[in-house]
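J.: Chains as they are written, first to last, in our numbering: chain F, 1 to 265; chain V, 266 to 612; chain L, 613 to 863.
Simulated from the structure, these hints should not be mistaken for laboratory data.
Here are the computed distance ranges between Cβ atoms for each label pair:
1. L:G689 - F:L37: 24 to 34 Å
2. V:H518 - F:A158: 55 to 65 Å
3. L:G689 - F:S45: 28 to 38 Å
4. L:G834 - F:L37: 35 to 45 Å
5. F:P26 - L:G834: 37 to 47 Å
To be clear about the criterion: a stretch of chain F counts as covered by chain V if any three or more of its residues have a C-beta under 8 Å from a C-beta of chain V, and this derived list gives those stretches:
6. 159-167
7. 178-187
Pulled a few chain F residues facing chain V out of the computed Cβ check, cut under 8 Å:
8. G170
9. A171
10. R172
11. T175
Idealized CB from N, CA, C, for every residue including glycine.
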Amino acid sequence: MNAAYSGVPRWLIAVAAAGALFLVLPLAAIVLRVEWLRFGELITSDSSTAALLLSLQTSATSTVLCVLLGVPLAFALARTRFWGQRVLRALVLLPLVLPPVVGGIALLYTFGRQGLLGESLRILGVDIAFSTTAVVLAQTFVALPFLVLSLEGALRTAGTRYETVAATLGARPTTVLLRVSLPLVGPGIVAGAVLSFARALGEFGATLTFAGSLQGVTRTLPLEIYLQRETDADAAVALSLVLVAVAVIVVALAHRIQEGDAREP
Amino acid sequence: MPVSLECSARIDARNVDVRLSVATGETVAVMGPNGAGKSTLLGVLAGLVRPDHGSAVLDGKTLYDGGASLPPYARGVGLLAQEALLFPHLSVLENVAFGPRCAGVPRKLARARAHRWLGEVDAASLADRRPASLSGGQAQRVAVARALATEPSLLLLDEPLAALDISVAPMLRRTLRRVLDGRSAIIVTHDMVDALLLADRVIVIDGGRIVEDGPTRSVLERPRSSFAASLAGVNLITGTTVPDGVLTPTGLHLAAMMDEELPLGEEAAAIFSPRAVAVHRARPTGSPRNVLAVTITDLEQHGARTTVRAGHLSAEITTASAAELDVEPGVEAFFSVKSAEVSVYLR
Amino acid sequence: MRRPLRSTAVSAVVVLLLTGCGSSAPAAGKTLNVYAAASLQAPFSDLASEFEDSNPGVSVQLNFAGSSDLATQIIAGAPADVFASANPATMERVSDEGLLASPARVFATNVLTIVVGEGNPLGIDSLDSLADPAVSVVLCAPQVPCGSAAETLQQAAAVSLNPVSEESSVTDVVGKVSSGQADAGLVYVTDAKAAEDSVDAVPINEAKQAENLYPIAVVRPGNLATEFADLVAGERGRDVLSAYGFGDQKQ
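Whole structure, please, built from the sequences with the hints as guidance.
T.: Written out as structure tokens, the structure reads:
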């Protein structure tokens, strides 16, 4: 459908175009800078595939963790009332605005060998220093707020009317959660999970600070790109393009899910 | 008749304090102005609002008593709201089978029961549809089946027809009349037709208090509250009995034909029809009429006749004379009514 | 890169004119552009201010970055007067382009050392003790200079280490050790000295076998450039550099 009159001033379109260009141009620059002749060879080297696989694997694990922890957290924030709730919400969203390096330092002093929980973990026989677990922790730390934020929004928009009806039909809280609430905000959870995955995939600062960098163990794609930059700029660019491609797919997926959600009555 | 529900509730935050009972198989209509506390009452009974004080017993089961309160899912109280609120991710049949499934009924049996209830509300053909594809009337029909499929001890209906088209409401009303027959139910409504057709008894709540409680017909014929009077389409003035009529707290004396010997100084209601009221711009003199100085608040024209409102009083005159009088909201005027048109009864 | 250099030069001229100096001194208002490896930041800053003090009216403009980046800039035409690299290979790249006005000479060396947590809790005393699987070691990645030096050293000493992490920078190696995440790391002596507040250094006997040489050369011929290179490679330069942990090749 074409609207006859948009009511948007023309100068605004011009500024908008500048804004869009600002975002799109750097991506185009990467595409232009790629050595296409060596592209296949660059992104299929041992270190590159190891980094890509590790990134996908850790991001997927982090996303599962985000869903397991974030869904209950979002419900608690959106559907219950307790003392200190507003403060908790602010704290939960803090990793969104913190520089990732700060997150890495915070994790170091929590789960690190000399951190808050490090000693207890060591007694339990768990040493997460320089392990893939540390990468997953760093990614989950930075990605969890995305899931909580988007799901809490979905929950508030959805309201509790269906839950009330379900209760008067004899459904206990757990039944209401599983058979009514979760299916209703399902698209919100999936969209939040996709965003979390994307954030986990791009995680760099916290991983570098907290988990270290070793091929196949802790060196995810962003860390590999950072390292390749030192010696082989072409490889760094090629891998950057791979990361951009994965991100584009993820964002498109999230967009589709949200559009599908909006089409529901 | 045995009592099904016996309840009292005080909710301080909303200034509601009521006490009522519902006999087994009886349908009670709850009416009253907006914000009177009708929906709060339903919320208390359904377990969604916690009263500050009071108790409720439904078929021998204590719903709440002081601090103790049964959760909504354990009360056996069904709730049907203005909107159908069918679960969008379930089919119509799954929606209706939801309640029985929660009660532990095996899947097959629950679906059979759902089919039966869909049949009861003439919606058997909708079983496999998705809620999004239903019309408002169809959805509400399914919602009725869903609420009944749990076989509640008490069914609460919160303006179940208010959101429907005028064209489909009568059909659903007939369905409700059929399924509510012999069922303990409380229906909140703004529509007198609902009260007349669906309810055995009417309770009028105003300002958080029950101001009227009686068989539907007698409440409408002899209203004791201004709300019931406006429902019945009559003017009502309350006061105390004096030898030839009623004296209001503000000192207005309303002369009436006292058709029976009433004790003096008792609280009484005087009612008269809007059709018996004449409207004047200047105070009428020399006639044996009651004259009330009023300020016009509203005009409502229906064809040849026009209703002139002044607060809770109204006069119905011809549209021609309304035009001649040149009345409009804000204008000072006088309503007069012959004493022979005013009837008085004790409240 | 060029704009700040020029504007600084301009402001230096303005300052000189305003103070009335520079009418007689031949070097008045002269700016010397020194391109130096990032690891030389501290000693070169000291030497540059000494040089300015003894040559009134001369302003030394220091440009620190990775040696390889600097070489690329010089080859691309950056106005460097003096170039000090962290390894001979990078200096050779500039030399191969015929851009050097003087032969390169090695003025300092740097060797690897072991860094451990303060107080050396595990009693680490040699490269061999790092091979113990119970000791978690962090190295630089082979792609970066300190990592390639660590590889050379392992080969020379016939020791094979299994690092728990290969970091992209010396800072990250020191950070992992100082935070206690790792037990030990390999970094340059100069890095260990800069971080001596948070880590202890344990010297490596075989360190000389992976010695890193720092060459310096004049790029654009000129008296000031030659004088600066002489200062760095001379007695005074040696003193300042050794204060920061750099070694002297002649020793």
